[in-house]
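Trainee: Two chains, two separate frames, one set of hints: put the complex together.
One letter stands for each residue in the lines below.
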Amino acid sequence: MAVLGIDIGSRTIATVVLNGRGEMQSAAVADSGPRPLEQARGMTGDRHIFRRIVATGYGRHGARAGFATGLVTEIKAHALGARHLFPACRTVLDIGGQDSKVIRLDEAGRVADFIMNDRCAAGTGKFLEIMARGLGLSLNEIVAAAEAADGDITLNSMCTVFAESEVVSLLADDRPVGAVARAVLNSICDRTLNLLHRLGTEPAVVFTGGVAAVPGLSAYFARRMNLPDLLVPERPQLVGALGAALYGLKQPGA
Amino acid sequence: MTDYRRMWSDLNMDLEKHDQLMNALPLVYEDVFLRQAGRPRAMDYFDSVVAEIHSERIAELQAHKNQGGKICGAFCVFVPVEIARAAGAIAVGLCGGSQFWVPDGEKVLPRNLCPLIKASVGARLSGTCPYFQSCDLLIGETTCDGKKKAWEVLNEYAPVYVMDLPQMKRPRDLAAWREETGLFLDKMEELTGQRVTAEKLAVEIRRQNRLRRALERLYRARQADPVPVSGKDALLVTQVGFYDDPDRFIERTEALAAEAEERIAAGEGVFGAGAPRILVTGTPMAIPNWKLHHIIESAGAAVVGEETCTGTRFFAHQVDEGGVTLEEQLQALAERYLKINCSCFTPNPGRIEDILRLVGETRADGVVYYNLQFCHGYAVEYHAVEKALKERGIPVMKVETDYGEEDTGQLSTRVEAFIEMLR
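In the order they appear, the protein sequences are chains L and B.
All letters in the first sequence, in the order written, are residues 1 to 254 by our numbering.
All letters in the second sequence, in the order written, are residues 1 to 423 by our numbering.
Excised from the complex, chain B in its bound form (with noise of 0.2 Å):
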């Protein structure tokens, strides 16, 4: 058995701290997973990934590393893993879901940002994510102002590469995007020291891919009355994605969804047929991040879907796989990213769009627009969203909040008060 302690110790972590982490993380999951009723038998993968999350998986990342593999580490969907996986590096995903990050972000940040930034620097510089340890590269994005400036803090602790994303859809901005992606090839391939072939690219296009299609399988599966699989564990499924091997977490997933769908043909459900149904629209919720799945769900509704960038942002759309040349791969990559409707883009109809889209697919009685604090992007937004749900009678509700648990009792009644509204 590998000496976990050990190995952090080796990749400078704070294992005093670490150790109040690690702790708090299996009465949490207890309480939001373990105690829910009738769920699929598959979901033990997800949970011995979760209860593994910080040992397994980082063995292997190490495993990697010393066979003289690199890791580069991404925060947004925006950045094409695939190039980074041809090149023979190891993505993973970054984002700090946890409030226990979030005083160590404060110290170098403005309290008044968004906590999923402070979270993920304070993550880094508490030594206590053997993720960020790990990364021999980070990848930053400029999908918003926090997060731009926040890597050049970060780039004093980690070196940084930043994909500048247009913010709006014209031709030439996926012309400059385009030119970006095959900036981030070069860069990966100084990085790993390994030339991005065709073929390469072409293996691991197909790869994501199919990982796509496997979460895409899942939330149809969640389109049904009873719904298979809860929300709560949708939404972990989606947060592995990010940072689980590929082909494992395929397989496991499509499991999880054939799973599904037995039950679904044997009329099973993890709640009641009838249960009021929940789409759950904006702001990413990264791992370990569960807090409103959990309050709606245990108020005795069902979240069916989640337009968000832990949802249908991370696997919608497919790469071209028509592709031969690097030039026409590149090409394909970049189309298939820039189709993400994040609230940076100016105008973004596409998001009002797809929401309308999955509120009739999922069948969703409700949306709730989840709003992490001081996130303006999409607390703008929903003055837009708002408007087109309620000209067509779809009731729905904003929550604004952080990861800090203060809220909750009031959180509660908010949502409570809307499910009686809907039912």
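The shape of chain L in the complex, shown without the other chains (with noise of 0.2 Å):
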């Protein structure tokens, strides 16, 4: 019988199908929404045809009180999504909606560590969305704004209110979209930096969570990061999701 994974996150909720073989059945992407709950039940469909339903993300103790049978942190499921799909990962680098954080790996796999922003939006998908708008950009064409442009502005602050207020600034001082652009993109890379250099950054990384599906972002981290190996999946927002179900795979009993 198939295993349901879903990561109820602040942004977005995935969920990942696996058949009995781990093989992926389906696969889908939602946003929250204001009622993610009632989301997340809405996409399990027939719930009767699981095995098992594992909850991740901010929402797994809602989920798990209502429909979930198991649950388990985005920090484990990212590092076994990760993991399934390049097993040479040792890092996972994952920034999600209203988090991000940094998953050192052992030789076999196993979480050894992990860093991770609390309370604070800086250097989030939910930051980039913000400086996006304040831009008048829409996701897919920032990071496009920002290789076109040159020139090195600094955004001085990490808090995403103050950083958008330094956003308006800017452009009330005439500077040229893209360049503040780039230096959004810089701000969240450096922030991501200082959380991969407290950890260590082991190769291989694996670059997971919404953020890293934002075209042409994940090249421009690489590039700005020197990380030229850094390995993305074909789809970031499910590694979560995929965690999730691999976990209710490995769980011994029906």
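Since the hints were derived computationally from the structure, they do not count as laboratory data.
Yeah, the Cβ is synthetic: ideal placement off N, Cα and C, and Gly gets one too.
Honestly, I wouldn't trust all of these hints.
As the list claims (entries may be wrong) - If you want a taste of the chain L side facing chain B, the calculated C-beta under 10 Å gives, among others:
1. Glu74
2. Lys76
3. Val111
4. Phe114
Unchecked claim - Here are the computed distance ranges between Cβ atoms for each label pair:
5. B/Glu156 - L/Glu38: 48 to 54 Å
6. L/Arg110 - B/Pro347: 47 to 53 Å
7. L/Asp190 - B/Glu328: 56 to 62 Å
8. L/Pro34 - B/Leu25: 56 to 62 Å
Mentor: Take a look at the structure:
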């Protein structure tokens, strides 16, 4: 029987269905919306067909109370998912909607250490969205705009709210949109590098989470962070849900 | 039955605001404590102490005052309560551990200051803590810059006496602290109008040593697997030890420790055998701050010890009872209190030795470093502690937080992932 992994994040909800042999049968991503648990429940469809439903992400406890049969933290889920996709993975960089984390794995793929930002959206998907809006760009355009510009503006504010005012001031000061976009991306890069340095970066590094799916962004990060071999899954938003499903598959018993 | 509202009113408290505080407490307490499975029966006493936290004990303090006795309040484990008691005063701990008091503290203090200081000052300013209202004198100390300057603000509202704690541990620092201990004795005699004799001080030294031993006995019981008492309950007991009547507290804590020992003999515990074991180290957790313990234990791990001011720093080391003269007793007191390894000392290698020893004694699988926001001493000292632990392959995670609940979700994720890693 199949296993469902569901990652209930702050911005999106992802599901992955694995059959008994661990092959992906289906996957979906949707906005979390204002009522994420209802949304998540809707995405599970006919739950009787699953041997197990494992929830991860910040909505995991609510899901467990409602419909899921098990839960796993997003740290372990991302570790399992990244390792499954890239068996050489020793470091996971995950940037999601409202947090970012670095996970170091040992040779056997177990979580050896991790670091996570808390109570602050600095350097996360939310930060990127808010800055893009301030720049009048979509997430699909922001990297291309930054690539096309030059100049070396630095954003001084880590805080999303202050950084937004700083972007507004820079634009009011007639700085080119692309150059400010560049400053925004560099700010996220620098913050992420800080996390990576604090934990130590063991290759291979896998980049997961919704931010990795922004067009052009992983290549930009790889260059800026001097990680030419940065590995990015085809659908980085699914890695948490995949890990949750793999976790469910590994549990003993029916 | 005592009319507590009248008592609170006589203490110039803001009754309406106080009601808000007291209405919230039972719900939190139910959720954090009473829903725990398999608690020791001896915890009933401590439950009742919390249920009557602003009534019964306050009535005792008032009875003492009505007979001409004095009350002094302290904020820190460095204040030698033996001396206050030998002078006939009752000493109570005053640290604020609730977010409820923080906004009032922020009216006179910067926001980016540790929540413990903001809550303590806010508790006094808002007139919602009957312990503060009962105090004839507040005893401050110089364990951090935030507190040092906060005493000046607090002194506008209530008399504050400050003990100058040295920041190093050289022989001359011990001499200075010995002198400061003597000055504190003079101050207590002045407050109560009673002489501190060597006989009275000897009684109080023995009493507080007994209290320390009772807490140590409970701590030793927590070394068993399965652990016979939860970390939340043990933390609560220590918190109560700061303000309860010492003799009653000793008796009840001994009873709890005895019950815990029976459980160990019967192989019973509050968590299953083999549950991950966590040592907490860092900044104090003043009542009713149970946030981190609740997160850890809700995730299925047991907190088996606290290297904090509301843990081992409160009760480790006895005062030498061999002193016959006041001079000898003051020396013994100064020596014991200066053994406390607070991050305000530089350097502070003793704290790392304590943590490593406690990891072994408690058989901890990992360490959670608890840092109240904006407590710089402990935040900086994390560097050395992390290094020492990682060199020995002991997993450690730092949690920096305040009394607010808005980061509970992310903290739970981190703590749960840390525990997954230990399993």
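Trainee: Against this structure, judge whether each hint is valid.
Mentor: Do the hints match the structure? See the list:
Evaluation of the L/Glu74 hint against chain B yields a held restraint, the C-beta minimum of about 7 Å falling below 10 Å. For L/Lys76, the interface hint holds, since its Cβ comes within 10 Å of a Cβ in chain B; the closest pair sits about 5 Å apart. For L/Val111, the interface hint holds, the least distance from its beta-carbon to any beta-carbon of chain B being 5 Å, beneath 10 Å. Look at L/Phe114: its Cβ gets to within about 6 Å of chain B, closer than 10 Å, so that hint holds up.
Distance hint for B/Glu156 and L/Glu38: a CB-CB separation of about 53 Å, consistent with the stated range 48 to 54 Å. A hinted range of 47 to 53 Å is violated for the C-beta pair L/Arg110 and B/Pro347, which are about 35 Å apart. Between L/Asp190 and B/Glu328, the C-beta spacing of about 60 Å keeps the proposed range 56 to 62 Å intact. Our hint of 56 to 62 Å for L/Pro34 and B/Leu25 is violated, since their Cβ atoms are close to 32 Å apart.
The structure shown violates the earlier hints numbered 6, 8.
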